[in-house]
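Colleague: The primary structure of each chain is shown beneath.
2 protein chains.
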Amino acid sequence: MSVGIRHDDLRRRNRAMVISAVRRAGQPSRTEIAATTGLSHSTISAISADLIQEGILTESKASEPTALKRGRPQIGLALNPEAAAVLTVVLSLNFLSVAVIDYAGQVIAEEQRRLDTLVMPRDELIGECLAIVRRRLQDPDLDVGSVARIAMGIQGITDSHARAMLWSPITPLTDIPFADILEREFGIPATMENDCNMMAVALRWRDPERYRDNFIAILLSHGIGMGLVLKGELFTGTHSSGGEFGHMIHRPGGALCRCGRRGCVEAYAGNYAIWRSAMEISEDAAPTDVGDADMRALAAKARQTDGPEREAYRRAGEALGFGLGSLFALIDPAPVAMVGVSAAAFDLIEPALREAIAQTAGGQHSNSISFDTEPNELPLIREGCAMRALTFVDQEIFAPGVQARSSAGKIVA
Amino acid sequence: MSVGIRHDDLRRRNRAMVISAVRRAGQPSRTEIAATTGLSHSTISAISADLIQEGILTESKASEPTALKRGRPQIGLALNPEAAAVLTVVLSLNFLSVAVIDYAGQVIAEEQRRLDTLVMPRDELIGECLAIVRRRLQDPDLDVGSVARIAMGIQGITDSHARAMLWSPITPLTDIPFADILEREFGIPATMENDCNMMAVALRWRDPERYRDNFIAILLSHGIGMGLVLKGELFTGTHSSGGEFGHMIHRPGGALCRCGRRGCVEAYAGNYAIWRSAMEISEDAAPTDVGDADMRALAAKARQTDGPEREAYRRAGEALGFGLGSLFALIDPAPVAMVGVSAAAFDLIEPALREAIAQTAGGQHSNSISFDTEPNELPLIREGCAMRALTFVDQEIFAPGVQARSSAGKIVA
DNA sequence: ACTATTTTTTTGAGGCTCGAAAAAAAGCCT
DNA sequence: AGGCTTTTTTTCGAGCCTCAAAAAAATAGT
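In order, the protein sequence lines correspond to chains A and B. With numbering that gives the first Met the number 0 applied, the first sequence corresponds to residues 0 to 412, in that order. With numbering that gives the first Met the number 0 applied, the second sequence corresponds to residues 0 to 412, in that order.
The reader is advised that the hints may include incorrect statements.
Since the list gives no way to pick out one identical chain from another, each pair is judged satisfied if it fits inside one copy or across any two copies.
Within a straight-line C-alpha distance of at most 25 angstroms, the following computed SDA-like cross-link-like pairs (lysine to any residue) qualify [said to hold, decoys possible]:
{"#": "1", "residue 1": "K230", "residue 2": "H364"}
{"#": "2", "residue 1": "K230", "residue 2": "W166"}
{"#": "3", "residue 1": "K300", "residue 2": "M278"}
{"#": "4", "residue 1": "K300", "residue 2": "T237"}
{"#": "5", "residue 1": "K230", "residue 2": "D174"}
{"#": "6", "residue 1": "K68", "residue 2": "D138"}
{"#": "7", "residue 1": "K230", "residue 2": "P176"}
{"#": "8", "residue 1": "K68", "residue 2": "E279"}
The hints are simulated quantities; they were obtained by calculation from the structure and are not laboratory data. These figures come from a predicted structure and were not determined experimentally.
Start from the sequences, fold in the hints, and give me the full structure.
Modeller: What follows is the structure, encoded as structure tokens:
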């Protein structure tokens with residue numbers, strides 16, 4: 000079961016804590032770090048001396064316009080951008096993008112490509128991913144050896160260990176162990192992350208005030224996805240990436256969902272469902288792909304006239320509201336971020352959503368539940384992947400445990 | 000944010016680990032503890048010498064019929080029953096029970112009382128609880144000073160810090176801070192726990208093989224409650240005890256629930272809902288109390304003839320199945336324990352439940368989801384409270400952190 | 001009685017954090 | 001300018017903790 004704390008773990012954990020304090024705070028002084036971590040000044044001094052000597056941190060003398068104060072000025076500590084680099088791969092519908100990011104979090108190279116993900120055979124899809132990564136790694140401007148981690152994000156379900164894509168709406172293929180494939184090809188540790196989870200991670204870094212310990216990121220796109228942070232931790236399923244909010248049951252035996260089942264929230268609130276409803280096509284009709292431009296036109300029409308388009312958004316709001324109500328019954332209410340193309344139509348969705356949620360036990364005080372919108376999910380996913388990879392480097396490479404230390408470079412299976 | 004590890008914390012944590020290893024394993028030898036905790040023999044030897052000297056552990060020479068082996072025989076370590084005692088209070092519909100339990104987990108005294116919880120005024124209800132505790136504490140056979148912790152369990156919603164009852168079906172009263180009340184009255188640290196959470200805790204101690212890291216305990220009684228363990232941790236809401244499975248929405252705008260809303264799972268699967276449906280009373284009718292004997296008679300009738308009684312159980316199964324399907328979409332499937340009087344009628348519920356769950360995304364491989372039943376919830380709740388209180392003593396009193404050490408006896412607010 | 005085997009304790013070394021004191025690096029004041 | 005104050009950072013010794021190795025203890029087999 001839970002394991003004892005060894006004597007060496009102590010330093011390792013406190014190192015990790017100092018690094019993470021610097022990553023969060025930007026340019027904290029040693030004194031500030033001591034205050035936030037609760038460790039003594041002497042300990043922080045010793046650890047940061049080590050980290051600077053190892054090239055992980057740097058002293059940034061040129062601190063911001065220092066508020067004129069008496070006493071020895073604080074010396075800001077910053078992440079050394081050259082300490083390492085990470086690579087992010089984001090695979091979404093018909094689109095593949097890669098970025099190389101330095102240790103301080105700045106993008107230093109990127110590349111994007113259009114693909115027909117829906118029809119590509121397995122080998123080709125994997126091949127395209129490997130090829131784009133290889134091109135970036137072979138960039139002469141880049142010191143290849145410094146790429147310490149790859150984080151790949153994909154729309155769809157991944158396993159709970161972040162190793163494989165289990166199922167995805169962007170391809171009929173299933174069970175592709177992308178993390179293992181990337182590690183085998185490039186010898187760099189990799190993970191396979193769920194898109195909505197990465198959105199949640201990114202939101203937390205973007206706005207820690209609002210998105211701190213408990214919040215929900217919901218992707219309103221072709222499908223409905225969710226990333227959930229509870230008590231400061233990303234919530235995942237026990238076997239899969241979990242949080243399949245879109246496939247909670249809204250109406251037993253109801254509209255046909257893309258997953259082949261009936262009555263899921265997504266079957267009322269996914270792009271295809273809103274489209275189907277607005278066009279007054281049967282609820283039993285097979286889901287079709289709807290482009291972002293078409294969805295924006297639909298929203299415009301719904302705003303203009305009170306017809307089936309507006310009703311379609313109303314029904315989507317109702318499904319989302321009852322779904323959120325059920326979710327809130329389980330976890331208590333939390334702030335929500337709506338992301339994706341239909342988040343731009345949240346004005347059409349919100350009234351019915353609030354009305355529905357007010358009818359649920361989880362929606363008590365539904366007026367106090369706050370929603371935020373962000374129409375563009377891709378930057379969020381990439382940012383999330385970047386932070387995921389960087390914090391891995393922080394913890395597993397620059398503050399390694401006993402196992403990792405004895406077998407540097409070996410990929411953990 | 001997260002705080003650094005001090006040097007003194009190390010010993011504290013490892014002490015706690017040794018104690019918990021003994022509590023889990025029964026009579027482990029030092030060598031076994033070293034193996035399970037991963038600490039060295041010398042460390043375990045030093046820590047256990049301390050604990051024995053302080054009267055927390057004892058060496059149990061008279062170990063079980065030792066498998067004849069060469070070498071120095073292992074000396075079993077056991078919890079010293081006299082090291083401390085805890086007190087459990089369980090308040091349920093019309094029933095109040097108290098037990099005193101020694102440090103090794105044996106019940107050493109108990110008392111039970113019938114009350115009219117539904118109609119008692121606030122002062123009287125609190126007064127009865129205090130009186131029954133006081134009687135047990137004043138028992139001359141009991142060394143009062145040794146009672147180190149009180150855990151109170153109640154049917155209903157508690158806050159996430161386990162301090163107060165927020166709402167309960169057994170009384171119209173709300174927001175009673177029982178933990179504070181007990182602490183003020185007796186000067187003993189106390190917590191206020193949710194019944195279903197305690198059921199889950201108890202199941203884990205009873206059968207750690209089956210109920211280890213991920214499982215669900217569902218109370219099928221007047222209302223529907225849930226205790227959820229995910230990744231080895233009890234899952235609670237962010238503000239409340241959470242996990243209000245019974246108030247997930249089964250059918251928007253559907254049958255009237257005891258909570259005043261419509262379409263909750265409970266409005267189809269709670270005792271009153273099954274009764275209402277079997278008697279062919281309107282779904283809009285106000286919930287009524289149904290005795291356990293009546294429910295058993297109803298189940299018998301349903302088994303005998305295919306009438307409205309059987310249909311009522313079928314509809315309960317359907318609601319539970321779709322509810323579990325939605326839950327499993329969020330957390331992935333896990334073993335389920337059905338507890339309470341209607342668990343005895345699970346044979347009537349199961350077919351429709353499995354049929355419904357198979358129609359949900361979370362219910363993939365629904366045949367592999369296993370159900371267990373336990374008709375009697377009260378012993379489980381008491382056991383859970385006992386283990387809760389005992390592990391608190393293990394961790395907070397016998398392996399105290401810096402704060403607790405410097406202010407012994409002070410109640411943490 | 002002696003040896004082999006296994007468990008437990010003892011001992012010394014090394015490492016970590018902490019508090020106190022010293023050193024460093026400014027601004028402030030006369 | 002020079003001394004003083006204030007604040008940050010570093011240094012140093014003390015006290016713990018864990019670990020590995022060696023020693024001691026306890027028993028079965030021969």
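Colleague: Would you mind marking each hint as holding or not holding in the structure?
Modeller: Going down the list of hints, with the structure as the test:
| no. | hint | in the structure |
| --- | --- | --- |
| 1 | K230 / H364 | within (21 angstroms within a copy, 30 angstroms between copies) |
| 2 | K230 / W166 | between (28 angstroms within a copy, 23 angstroms between copies) |
| 3 | K300 / M278 | within (12 angstroms within a copy, 50 angstroms between copies) |
| 4 | K300 / T237 | neither (42 angstroms within a copy, 40 angstroms between copies) |
| 5 | K230 / D174 | between (31 angstroms within a copy, 23 angstroms between copies) |
| 6 | K68 / D138 | neither (46 angstroms within a copy, 65 angstroms between copies) |
| 7 | K230 / P176 | between (30 angstroms within a copy, 23 angstroms between copies) |
| 8 | K68 / E279 | neither (69 angstroms within a copy, 79 angstroms between copies) |
When each numbered hint is compared with the structure, violations occur for hints 4, 6 and 8.
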